Amino acid sequence: MALPRPQRGFSLLEVLTASAVSLVAVTAASQAMVGQYTALHSRDLSRTANGAAREATQFLDSTLRMTGFGVDPRWAIDFSYRCANQPCRDSASGPDELVVVSRDARYRFLAQGEGACTTVGGCFSGNSWPITAATSDPASLTVTLQPGTALEAGRVVLALCAGGQSPVMLTLAAPVSLGSASPASDVVLNQFSGDPTLGPYNDRGSLRACHGQPGAALFLVDRSRFFIQTLNGTPWLMLDTGRDLDGDGILPPADQDDLIPVAKNVLDMQVAYALDACTGVASGPDSDGDWIIGNAKGTPEEPLLNTNPAAPIYGTVSTDPSRCTLNPANVRALRLTLRLRSDRADPGKNNGWTGDSIANAENRPGTLNVPGYRLFTTQLDVTLRNMSSTASFIF
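So in the working numbering, the last one in the sequence shown is 384, and the numbering has no gaps at all.
What the hints contain is simulated information worked out from the structure, not anything from laboratory work. Computed from a prediction, not measured in an experiment: that's the story for all the values here. Each residue gets a CB set at the ideal place from its N, CA and C atoms; glycine is no exception. Any given hint could be a false lead.
Here are the computed distance ranges between Cβ atoms for each label pair [unchecked claim]:
no.	residue 1	residue 2	range
1	ALA299	THR343	42 to 52 Å
2	LEU369	GLY287	32 to 42 Å
3	THR268	ALA122	18 to 28 Å
4	LEU369	ASN297	42 to 52 Å
5	PRO242	THR372	56 to 66 Å
6	ALA100	ASN297	35 to 45 Å
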């Protein structure tokens, strides 16, 4: 009978060899996973930045396209409010800011005899209300408000006479409201801002008798100030409406709670203003003569309120010399360039990486970079068709 052969085990060398092979395989797999994670993380940084860019450009586009709707083109781009000396919106060493103005378009007007309207002077609904009385000294308006109407302090309103004549903008110093359970009622507006920087947006001395006659109406005006602000270490594109949105009696920008974040991680905003070239004029009135204001490197430049000739008014022909100046009424398009950073430092780069570096846009010289961060660019061009309006109107 044959004796059973003893089973042979693994030698130490074989065990070490197998362990080494396994370790190499595990290391390779781990490195592949880490590399894949790093790549996905980097792509996620790009995705997040692209999302912020879309948020910014979509909001800006919808707001800027309304610039000048229903308001005098001279005041459609604001260089008065909190602007003691120009340039006050443009900077050659930091982010620009932009302030645009338009009438709130969410209203409806029916002339007498149109539809069910039987009121002399027409019927107003939505964000428009008939004015039944007006005084100029002191300034006051008696307005028939609808239930649920609420107007905040800081709100700009537009008073028009019948047919859209004699536009006057005013800024409320105190909130005005009518409860949702109340019937339509006459409310007196007589508390207007005393801020001297408001200029044409608080023209208390220009109210006339016609502002209290049939056909006169009150409309809302939207003023949107876009700027860059850092909150807890993160840069944001912000919106200041000028209104006391939280009702605490403090207006922005003093009350930070009234400011609205638009898009995250926006480091810089540069604005250029395009003019229509005047026939027969060799070069534009801007610093480099190319009919674009704010794109000459190192030169702070923006449209000017005070020009010679004086600002064109409704109906001024395109060949008039006043159409060839730096006045805001002559701006026909805006170009905005935004620089955004990634939401976090890029983990795929070595420690000490100085970050992306990109050239600054428009008139801001030099380059922009944030150590460890990826940078992205988006640009928006908006034609301001409402700036070509030739007459004031109701609808």
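Structure-based check of each hint:
no., hint, in the structure
1, ALA299 x THR343: 42 to 52 Å, "50 Å, holds"
2, LEU369 x GLY287: 32 to 42 Å, "23 Å, violated"
3, THR268 x ALA122: 18 to 28 Å, "48 Å, violated"
4, LEU369 x ASN297: 42 to 52 Å, "32 Å, violated"
5, PRO242 x THR372: 56 to 66 Å, "30 Å, violated"
6, ALA100 x ASN297: 35 to 45 Å, "41 Å, holds"
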